[in-house]
Every structure is written in C-alpha cells, then in structure tokens.
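These protein sequence lines are chains A, B, C and D, in that order. Quick note, our numbering runs 54 ahead of the 1-based positions in the first sequence. Quick note, our numbering runs 35 ahead of the 1-based positions in the second sequence. Quick note, our numbering runs 10 ahead of the 1-based positions in the third sequence. Quick note, our numbering runs 2 ahead of the 1-based positions in the fourth sequence.
It cannot be assumed that every hint is accurate.
Facing chain B, from chain C, some residues (calculated, C-beta under 10 Å) [what the hints assert, rightly or not]:
1. S117
2. F144
3. Y145
4. L204
For lysine-lysine, the following DSSO-like pairs were computed, each having C-alpha atoms within a straight-line distance of at most 30 Å [claimed, not checked]:
5. K43(D) to K89(A)
6. K157(B) to K168(B)
7. K224(B) to K168(B)
8. K197(C) to K224(B)
9. K143(D) to K43(D)
10. K77(C) to K89(A)
11. K153(A) to K79(C)
12. K77(C) to K143(D)
13. K89(A) to K143(D)
14. K221(D) to K224(B)
15. K197(C) to K181(C)
16. K79(C) to K143(D)
17. K168(B) to K45(C)
18. K197(C) to K195(A)
19. K195(A) to K221(D)
Derived by calculation from the structure, the hints in this document are not laboratory data. Where is the CB? At the ideal position from N, CA and C, for every residue including glycine.
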Amino acid sequence: MICVITSSSHFETWLAAFLTLAVFSFLYRDNPFYKFAEHLFVGVSAAYWMVLGFWSTLWPNAVVPLFPDAALVVGATPPAQRDLIILVPVILGLMMLLKMVPRYASWGNYTTAFIIGTTAGYSLVRYLRSDFIYQLGSIIKSVIPESANIGLPEVFNSIFILLATISALYYFLRIRTNKRSANFISRCGLLVLMTAFGVSFGSAVMGRVTLLVDRLYFLFSDWMGIL
Amino acid sequence: MRNRFISIFTTIDNIDRRLIYLMLAITISISLFADVSFRDEPSELVIPIFNHIENLEPGIPILISMEYSPTSEPELAPMAKAVTHHAFLAGHPICYMSLWPEGGMMINRLTDQVFATYPDAKYGKHWANLGFKVGGEMVINSMRDSLQHIYATDAFGTSIDQIPLFNDINNLSDFGLLLSFSGGSPGLKEWILYAGDELDIPLAGGCKGVGAPQFLPYFPGQILGLFNGLKGASEYEAALINSRYNIDADMLEATTRMGPQTIAHLVIMVFLVLGNISTLALFILRRLR
Amino acid sequence: MKRNLAQVVLSTVALLIVLSAFLPDTDGGFSGIVKSADSYFPIWFSIIAVFAFVLGASSLIGSHVRKIKDRETDWQYSVVTVLSFAIVLIVGLAKLGGASGLEGDVSDPASVLGRIFSSVLSPLHATLFSLLAFYMASAAFRSFRIRSLETTVLLVSASIIIIGRLPFASKLFSFLPDALQWLRPDKLSLWMLLVPNTAGQRAVLITVSLGVIAVALKYILGMSRDMFGGQK
Amino acid sequence: MSSDSLLLLITLVVIAAAMLRHRDRKSEVDCIPEIEVAVRKAAELNRPAYFIPGSRDIDNIQTISALSMLKVVARYCAEYDVELIIPVSKSMVMERAREVCNAAYEEAGFSDRWSSSQVSYTTDDPLGFVAHVDGMIARAKPAVCFMFGFFAGESLLLAESSYNVAEVTIAGTAVPSQIPFFVASCDTTLIGEEFFAASAMLSGNQEDIAMLQGLDAGKQLAIGIILAVVVLSYLTLIFKPEMYESFLTIVDNLLHGGGR
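Isolated chain A (complex conformation) (with noise of 0.2 Å):
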C-alpha cells in the first residue's frame, strides 16, 4: 500500500515537473508541449469549476430547498420546509437557457436584466459607500491636521497628498476635452498617476520573483534532487 501511494505522488510530482516546464517553454515560443498542457489546462479547469459549481452552489442553494431531502446525499440535514422561492432563480436560469433556442430566445432576455440589475444596483450601493466616500474620507483626514500641534513633515506630506490628489482629480476632469490642451495641473496630475504606478508596479516584482524562484526550487529540489 505503501508503495503505491509513494509510487502514485512520484508520478505525480513528474506530471507537475512536466506541466511547469512545458509552460515555462512558451517564453522560447509557442510548442507542442506548450500546447498539451494549455489545452489540457481548458480541459481540467473548465470541468473542475463546474463540477465546483454543482456540487458547492447548485446542490445546497437550489436543489435541497427544493427537495429537501436531497441533504441526505451530501450527509447534511434537510431542512425542515420547502424553500419555493429558490423556483425564482431557476426559471431564469431555465430561461436563459432557451436562448439556445432561436424561437425563444427572447425570453433569455429577463434573465438578462435580472443579472445586470443586481449587478448594477451592488455596484452603485458598494462603490458610492465604500469607495467614493471612504476614499473621500480617507483623503481629508490624511490632509487635516490631527490636532492643533503637528511637526513640519506631517505638514508637509498633508499639503502634499492634497496637492497631488486635486491635480490627479484634474486630470481626469480634463481628459475629456482635448488632451493637447491640457494644462500644468493635469500634466502634474498625470505625473502623479505615473509615480503611483511605477511604485505598484516595483511592489509587484518581488512578489513575482518569489513564485519564480519558488518554481525553480520546486524543479532542482522536488523533482531533480540536486539541491
């Protein structure tokens, strides 16, 4: 038995060894090898996320609110009523489906609406409270002062970040009219922009240089065992 498993995650450890390099290959260029593994990537991932979907969503949001004695099968316990509200949702996605339908594709459009009004009315809730007036908030209190006595860098940085947020505010009011007239404070502005970028984008190489060399670590030591 032991040897089995021992013999099962060597394989398995080379099917990983094999997937890397094959990806790693596609920086020469694009490869049969590549090729396998993009393809089987579509294959596993497309499959795995429905499966994922099914079992994770469908059966306990859908199925056992309808059936509740569909619980039994995953070993949980029914609730005690039927829950027919969660019919709703099924008939849209039911709907959404006859879009295959020529004939009846028109019906897909309710379900069409249903899904880009949640997803409008969130979006408008969440980002009017949690982006604009929180970012709105965080901004004038990085600006104004905490009390009455603050140290010459604590102004400085205040008067700064006020400086540079308004001038990369501008810049967006401006982009609209034409941008060959754009003048000092949205060119200031969009210098502003580009400092923030360069520095995300600095923050972002260690992190990617960790995968990497924990990828190379992976090939020498796990699968290799030369280091």
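Given the coordinates of chain A, work out where chains B, C and D should sit on it, guided by the hints.
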C-alpha cells in the same frame, strides 16, 4: 566610428526579450545552487512584532490566521514559519486558523514542516489547529464574544474542551497577539476592522508585496507591524538570528530565498540601466550628426 | 413591449437593492421584504451562473468536437481538452476516491478531484504566475526609459522601490550625511508608498467609483441603448 | 440608516441630476482615435483583431462596460471587414457578447460578416483562460488586441503575449493594481475612469454624453468637498481651536468608514 556606436546601442536598445528571460533564469538558478544569501536587517516594520513576542509573558497564546492559497504560499508561508519558530522558542502556544477554504491545507503543510524540527513539541499543548471556518468577518465577530461558540472542535474533530491549550481561552481578548497573513480578502483588512479596532489586543500581519500600499497606512496606528512580502519575513528572521535563540539559519526559509530574489532584482536593475544608457547614447549620437 | 418589460425588471431589481442600503434594519414590513430580497439576490445570481455552465460547456465541447471532426490543424490537442473535460466532470460529479463517497467534501484533498487539483491545476497556476517575473523584466526594460517625463517618472519610482527591497539597501547608502538619510532607498521607498502612491491610488479609486456609479445609473435609468438586442 | 447616508444621497442626486440634464456637449468630447486607427491597420494587414472582455463574470460592472466597448469595436470591425475574435471566460459573458456583436454588425449593415462562433467560451478559471488566449494569440498573430474589463494578476500575461505578436495593443481597466502593467506593456491604456468614459465618448449618443456629465459632476463634487473640509478645518484651527475636537467628530460622522 559613430555609426558603429549607433549600431551597438541600437542592438542593446532592442535586445531580444528572450535574452532577458534567459539571463534572469540562469542567474536565479546559479544563485540557488551557489546558496547566495545576504544578511538582512530588521526594519522598523517588523521590530515591534518581534519585541512584542519577546516581552510577552511565556505561556500566553498567540493566534495566527492564515488567509492564503497555494499561489501566494511562497510569499506568505515564510512569515508564518518565522513567527512559529519564534513563538515556540519563546514559549507561547500557537493557535492556527483560517478564513480561506485552502487555509486548512496551508496550516497542515506549515505545522508538519516546522514542528518536525522540534521533537518535544506537542499538539494540544504547544500548538493547535482550528482549521477553516466560512463567514469572513462574521467569524471574527463571533470569536470576539466566544471562541467556543464558533469553534466547537478543532480541525481534526476533537472537542476543544479536551485540548489543554484552550483551557484559559474564552475569546479573542485572551490571546497575547493576533496575526493575519493574508493574500487577499477576507484577511488582514477584516482583522483590522473587526478585531484590532474593536479590541484592546495588539494585531499585526503580513501581506504580499503588491498588498503593501493597501496596509501601510494602518501602521503604526492600527497595526503593530507589517510583514511586507518575502523581505518582511527575511527581516524578521534576521531579528531571530541576532537574538538570544540558538537557531540554525538554514532552517529559515526567507533568508535562503532572499539570495536569488536579490540577484533577480539586481539583474532587472542592470537591464533597466542598460536600456537607459542606450537610449541616452542614441539620443546624443543622433544629435551629433 | 417585451423590451420595456425587461427594462422594468432591471430597474426594479436594482432599485430594491439601492433602497435596502438606505432602509433601517428591521425584520417585518416593507423594509423586511426589501432587505431579504437584497440578501437573496447574490445566491440567485450564483444559481443562474451554474445554469449558464450548460451554455459554456456546449460551446467549448462543440467547437473542439468540430475541430476533431474536420481534422483542423492541431485537432489532436482538442482531443486532450475533450477527454480531460469529460474525465474530470465524471470524477468530480461522482466524488470518486473521497473518504466518504457522496457525503464527503467535493474538494477533499484525498479525492481524485483533489489530487487532480494539486498535481495539475496547482502547478499550472503557480507556473503561469511565475512567468510574470520574466514579463515584468521585459516590459520594464522596454518602457521604463528616459524618453518622456512620464516614462522617466515611472522608471525612477519603480527603481527606488526595487532597490529599496534589497537586503543591503540601508548599508549601500549609509555614506549619506545624517541630514540626507531620508534619501536612503529603503526610507524613500516607504515614503513613496505612503505619500505619492496613496494620493495617486485614491484619485484612481474615487474616479473609478464615479465611473461605476455613472454606468450603473445609466442602466437603472434606462438610458442605455445596447441592452436588449440593440435597436431592433 | 447610517450617518454617511446623507452624503451618499447627495452624491447620488448630484450625479443623477447631471445625467438627466440634457445638453448638447458633443463638441467638447474628445474621441479616442487610437481604436479606429488600430482597426484600420488590421484591415490593411488583413489580420484579425482580438477583443478580451476581462476575466470576470457579468456581475462585475467592468465586464458590462467592456461589452459596451465591444459594441464600438465590433462596428469598426464590421465596417472595415476585419475578423473579430472574442475569447471569453464566462458563459453569461459569451451570451451577451454574441448579442452585442450581432446588434453591432446588423447596425453597420454587415450581418453577413458575423458568425456567433467568433465568440468562444474556454474555462471559468481566469488563469486557464489566459493560458489558452496566450496560445491562440501566438498562433493567430492578430494585428490588434483589445483588452478591456476586469483583470487580476493575469493582466500582464495577456498584455506581454499580445505585445509580442500584435502591431497594436490597447487596454483599459479600472483595477488600480493592474493599471501599471498595462501602462508598461500596451501601446494605449485607458486608465480607470477613462475606461468607463471611453465607450460613451466613442458612441456619441445623447444618453452617453449625459453619462459623461454625471461623471464630471461627481469629480467636481469630490474636489469641492475635499477643499471645503480642508479650508474649514484650518479656519476652525486658527479662529476657534477649542472647537476643533468636535469639528473632527462631525467630519468623522459624515464620512463614516473613512478610517485611516
């Protein structure tokens, strides 16, 4: 003469991208084999965390919440490992938990590895694993009131009443330090908003290199300290090496990985400098005409 | 007519959600209904998304089967996709290999699906992400140049951060006099992360949130022409 | 009702009012010529154009916005007779993209140039999707790649692969952490809000211009609020320092949640 320079710099200017890839891969591989490593220095971001654990009375438990998945493991696991080493050596029991479904697997991988080096470490006394609980900030909220309320058993199904580590723990306030190593949401941000800001216990955490801009503003007001990517972990390990503990530097993952990491940063910088020298040279040479 | 009805559905659903953000938290009455609708919708969406898988799967498998039938270039690889898709689907839906059969967790690491995840998907994810290290190097080499003020700013700010992350960054510049210690890349990178970066990020976040709000309002107020099949 | 609801409501009303106030502003709108130029280039080279509408589902507003951009791009492709390929990562996006393109080609009067198989679903996994699209792009050698919508870590994977083969790459996203990668790698990048505004600018519909008005009103409101509070805070600090504590509490309540 001038034309020759122009052609040389034009070549540098348009280096085949594959040459950059190759150089990066070769230098990282060589530095892996050559065991290149650089001694880091503890920074102001991690020193408060280290000192806090040092000054905590032995026996007071620490909570580590691991919110990451295999993709961000290389960046975040070294932090959790470094803290685990330190807490164990300083005599603090550690309780692990996760708000991510993949977290359970991450905890097992980490504890298997770290505690294998300490033969006298005992599950239930020195460390315990509460596993993953679904609910994000709701989990944190309930833990604030009662730990037993949300975690009846540990990750392996043992009732937590039977685990000695939990004898004196009723809720989050009974921990000496809360740590969240987070690769996304829910994670450190939720811990700050729902535990750190609400309770009077120190909170610290770690994030990926890309996440630093998001969390730095919370320092030092709302978080004690921050592990900023792999560099944060290696800084913490530097503090550990400099300390009273007799720890084998080879066991410390971030310090060994930081060598190739540094080389890669240098290679990227060299290419940036080369590119700009060629831009500048071409600009001047063309002006000379 | 049908199109108008669909717009009514869209606006009603969206307004219910917006309303629930402004109503007090009570159980009964009108606001109770609105609040419960608000908590139902995300689950409904995920249920509909599972139904949509049928559309996606039929498109994916349909196109690959057609490729195999017509013996198009690279049709052999389509066999890989179709086969792996079918195998994983069967293995996963039947929860094969798990400790407790159908009662077990679908992503149980011991099940066949769990093992496929850890030996196929996990290394593929990790390797694709690690390619980014190479891509970042080549993209930076190409575009971080002193050609214009904007790209110079990109170059300088990214370089300071990269150098600031070196373990010996603080020693490298220790020759600086005390008054100029703030120019050390490790200190400077921290300042850049906290001050200019914060300002830029917040400006982006505020304008993005305005963009989202305006787009959402456009659909809710029925001002969009490209909603239901265009101008038929 | 939480204390920030007042400001929430004011913002909403200001933006909505600005959107509903019709006014002809066509002359002020600057188009984004790069998109049409890119499609024309594809026509000259007789190579296809790729459009990637992000890697998230339709419950993300950026995906919906990307589909509005798709309509604009599809119309150009129909007119210039450029083959448009749209790989997508979600089934519902596939459905919407097909409808949008169908409508765009019909409006342009070239329904015969469109087939719904040009939109293809791959996998829900964002990285699996990108791995496949990278492969497709390397083989098909498109002249133009458009990347609009929500992208996470996969942004640079797409951007670099398309840069290597395509003549022109144009991207637009509102994900702050991914904008730097597009800026570094693509020929043209629509940053954050520009991405939402772009489809409106290009379509030139009266309704879309109304949306731009809403956007501008929001930004003016934001700048106004920031300046007003800052000026007030310094005035309080100078003339009534003893009131400063309570002033801070009021600000805190109004902007609830804006914790630092």
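A quick look at each hint next to the structure:
Using the Cβ-Cβ criterion of 10 Å, the hint placing S117(C) at the interface with chain B is satisfied: the shortest such distance is roughly 7 Å. With a cut of 10 Å, the hint placing F144(C) at the interface with chain B holds, because the nearest CB-to-CB distance is about 5 Å. About 9 Å separates the beta-carbon of Y145(C) from the nearest beta-carbon of chain B, less than 10 Å, and the hint is met. Taken as an interface hint, L204(C) checks out: its beta carbon lies about 6 Å from the nearest beta carbon of chain B, inside 10 Å.
Note on K43(D) and K89(A): the hinted pairing holds, with a Cα-Cα distance of about 29 Å set against a maximum of 30 Å. Between K157(B) and K168(B) the CA atoms are separated by roughly 24 Å; this keeps the pair inside 30 Å, and the hint holds. With a C-alpha separation of about 17 Å, the suggested pairing of K224(B) with K168(B) holds against the 30 Å cut-off. A hinted pair counts as satisfied when its Cα atoms are at most 30 Å apart, and K197(C) with K224(B) qualifies at roughly 24 Å.
In summary, the hint linking K143(D) to K43(D) is supported, as the alpha carbons are separated by about 14 Å, within the 30 Å threshold. A distance of roughly 15 Å separates the Cα atoms of K77(C) and K89(A); the hinted pair therefore holds under the 30 Å criterion. Distance restraint check for K153(A) and K79(C): the Cα-Cα separation of roughly 25 Å lies within the 30 Å cut-off, and the hinted pair is therefore satisfied. A threshold of 30 Å between alpha carbons decides the hint, and for K77(C) with K143(D) the separation of about 19 Å falls inside it, so the pair holds.
A C-alpha spacing of about 16 Å is found between K89(A) and K143(D), which places the hinted pair at or below 30 Å, so the restraint holds. Between K221(D) and K224(B), the direct Cα distance comes to roughly 27 Å. Compliance with the 30 Å bound is thereby established for this hinted pair. This hinted pair checks out: K197(C) and K181(C) have alpha carbons roughly 12 Å apart, not beyond 30 Å. Using a Cα cut-off of 30 Å, the hinted pair K79(C) and K143(D) holds, with the two alpha carbons roughly 25 Å apart.
For the hint pairing K168(B) with K45(C), the CA-to-CA distance comes to about 25 Å; that is within 30 Å, so the pair holds. Between K197(C) and K195(A), the direct Cα distance comes to roughly 23 Å. Compliance with the 30 Å bound is thereby established for this hinted pair. For the given pair, K195(A) sits about 19 Å from K221(D) by alpha-carbon distance, which is consistent with the 30 Å threshold.
Checked against the numbered hints above, the structure breaks none of them.
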